[in-house]
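Asker: Each chain, written out:
Protein chains: 2
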Amino acid sequence: MTQLPNFIQKNDDGMWLVEDEENMMKISYRIDEIVYQKQSPFQHVMVVQSPNFGRMLVLDGIVQTTSLDGHIYNEMITHVPLTIHPNPKRVLIIGGGDCGAAREVTKYKEVEEIDMVEIDALVVEACKLHLTDVSGNLSDPRVNFIFADGIEYIKAKKDYYDVVIIDSSDPIGPATQLFEKSFYNNVKEALKEDGLMVCQSQSPAFHMKVLHQTYRSIQELFPISKVYTAVVPTYPGGMWSFTLGSKKYSEVDLSKLAADTKYVSPALLSQCFALPAFLQKALAE
Amino acid sequence: MTQLPNFIQKNDDGMWLVEDEENMMKISYRIDEIVYQKQSPFQHVMVVQSPNFGRMLVLDGIVQTTSLDGHIYNEMITHVPLTIHPNPKRVLIIGGGDCGAAREVTKYKEVEEIDMVEIDALVVEACKLHLTDVSGNLSDPRVNFIFADGIEYIKAKKDYYDVVIIDSSDPIGPATQLFEKSFYNNVKEALKEDGLMVCQSQSPAFHMKVLHQTYRSIQELFPISKVYTAVVPTYPGGMWSFTLGSKKYSEVDLSKLAADTKYVSPALLSQCFALPAFLQKALAE
Chain U
1 MTQLPNFIQK NDDGMWLVED EENMMKISYR IDEIVYQKQS PFQHVMVVQS
51 PNFGRMLVLD GIVQTTSLDG HIYNEMITHV PLTIHPNPKR VLIIGGGDCG
101 AAREVTKYKE VEEIDMVEID ALVVEACKLH LTDVSGNLSD PRVNFIFADG
151 IEYIKAKKDY YDVVIIDSSD PIGPATQLFE KSFYNNVKEA LKEDGLMVCQ
201 SQSPAFHMKV LHQTYRSIQE LFPISKVYTA VVPTYPGGMW SFTLGSKKYS
251 EVDLSKLAAD TKYVSPALLS QCFALPAFLQ KALAE
Chain V
1 MTQLPNFIQK NDDGMWLVED EENMMKISYR IDEIVYQKQS PFQHVMVVQS
51 PNFGRMLVLD GIVQTTSLDG HIYNEMITHV PLTIHPNPKR VLIIGGGDCG
101 AAREVTKYKE VEEIDMVEID ALVVEACKLH LTDVSGNLSD PRVNFIFADG
151 IEYIKAKKDY YDVVIIDSSD PIGPATQLFE KSFYNNVKEA LKEDGLMVCQ
201 SQSPAFHMKV LHQTYRSIQE LFPISKVYTA VVPTYPGGMW SFTLGSKKYS
251 EVDLSKLAAD TKYVSPALLS QCFALPAFLQ KALAE
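Quick mapping for you: the protein sequence lines, in order, are chains U and V. Residues 1 to 285 (our numbering) make up the first sequence, in order. Residues 1 to 285 (our numbering) make up the second sequence, in order.
With the rest of the complex left out, here is chain U:
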């Protein structure tokens, strides 16, 4: 029998996944079953079944996405850039191992090529098999899975993509470099002259420093830079931020929005760049 990782606790009251937020706050989720767990060269990869969030993808003990609300994050990181760019043909996703971002991109008929560069093949395997609510059991022929390091991959591409989506995990371990300015500069060079990029930039409530630094880097590199937010119940702090860097386009075209979304609506798209006062102030500093 496989040994349980230390973030799984069993007691008289059942089995719990305990997510530790820097030893200041702990969130314990009741779970019914561990559906999948393997150690990859990069991290511990696990899918669990929980009674109120459904299936959850857990990497190194941190909840990444769930059946209940995975679509919120994945819709926000894709439909915003794809309704801003008027004619996205080549789209690159860096990270995004849960396949949910790729699934959303396939809803746009004008997209011809979707390259997904994920460092950890086991994450994709786990989600395709056991997290189909999020991954959608992706079989669209436009999607190319490339199991490689996004940092290296992007260096070789110049003037190629219309849209780059950086769907990374938290800036600890392998993902740290995905938050550095030199990486965003390589993304800029991989984009066509009217291309644009979006990255997830963490929680404004708990990781303001990361958001601030990300926004500043992108602001220095791109003529257009904007932050937008969404509410993701299973992320600490609830509110999540995304940062857009664009060479030319800045406005959402509501008429372009794909029809079958669960969270994003035209009303929501038109207001997601309206930031709370504290956040506007913090970003201006």
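Don't take every hint at face value.
Which copy? The list can't say, so a pair holds if one copy fits it or any two copies do.
What the hints assert, rightly or not - In silico PhoX-like cross-links for lysine-lysine, where the CA-CA straight-line distance does not exceed 20 Å:
1) K26 - K10
2) K262 - K209
3) K155 - K247
4) K157 - K89
5) K181 - K38
6) K155 - K109
7) K188 - K107
8) K192 - K281
9) K281 - K262
10) K248 - K89
11) K109 - K256
12) K26 - K248
13) K181 - K192
14) K155 - K188
15) K181 - K158
In short, the hints are calculated from the structure, not lab data.
Place chain V on chain U using the hints.
Answerer: For chain V alone, kept in the frame of chain U given last:
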């Protein structure tokens, strides 16, 4: 020495407040100190000091508000109705024992009378003494503290208030009746012919049934009914909902917004009624 309540756990790693969400999810907050604790006739009232949320008000083991984000909820439940009503003179707050809503209302010079009806005097005492980041150590002479049952109080008032703010705790125990249609009908009668009310209507992620029922009741009673949301990091699910019932006015006047807010901005006010697709759909059912 006072015995610790069972939602406080002490172990080798310090002292933790454990908030139990229906035995499905548990949120543990590291705390440095219990600053205040008393049993009132209604509930266990506690103020704790935590390293990352500052002071927290805890009623029967459930976090109600914190120094870090208490202003978000209190600004959203007050500045929305006070910028919709063109001339609010008499304002009633039902609940709101942390005094934060009353504090926000005092920012409006045209308001002449602020009646705050809170059932539990100990909550007000605890917050005035130990949670001044939220309560603001309120001393505005327009504020009248009335320690009484809001259910009974409202029955005696007819055609009197311009704005009624229902700042209740969760619909368990004494607050249950504050979510019933007969109560909202009494609120309607206590309002002038052009008056309006706002209530907190729980988390759309976790308490959709309560929100749906609240919205339906208010929709049946008032010619104008609308739901708006805010992001409150320490509330489960992050997103919180508020429901407006109005006899006449429906549009926010951005020019009226008080200057010294931390969360609410004109941009945020103008978009807070834009709801995610899932919520629009759920409310229409």
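Asker: Against this structure, judge whether each hint is valid.
Answerer: Status of each hint after checking the structure:
1. K26 - K10: Cα proximity of K26 and K10: in one copy and across copies (16 Å, 14 Å).
2. K262 - K209: This pair counts as between: shortest inter-copy Cα distance 18 Å, intra-copy 31 Å.
3. K155 - K247: Cα proximity of K155 and K247: one copy only (19 Å, versus 61 Å across).
4. K157 - K89: within (16 Å within a copy, 64 Å between copies)
5. K181 - K38: neither (32 Å within a copy, 52 Å between copies)
6. K155 - K109: Cα proximity of K155 and K109: none, with 28 Å in one copy and 59 Å across.
7. K188 - K107: Intra 25 Å, inter 46 Å, cutoff 20 Å: neither.
8. K192 - K281: Close neither inside one copy (32 Å) nor across copies (38 Å); limit 20 Å.
9. K281 - K262: between (31 Å within a copy, 9 Å between copies)
10. K248 - K89: within (16 Å within a copy, 49 Å between copies)
11. K109 - K256: So K109 and K256 pass the 20 Å test inside one copy only (11 Å; across, 45 Å).
12. K26 - K248: Close neither inside one copy (43 Å) nor across copies (46 Å); limit 20 Å.
13. K181 - K192: For K181 and K192, the Cα distance is within 20 Å only inside one copy (19 Å; across copies 58 Å).
14. K155 - K188: Within one copy only: 10 Å inside a chain, 64 Å across chains, cut-off 20 Å.
15. K181 - K158: Within one copy only: 17 Å inside, 62 Å across.
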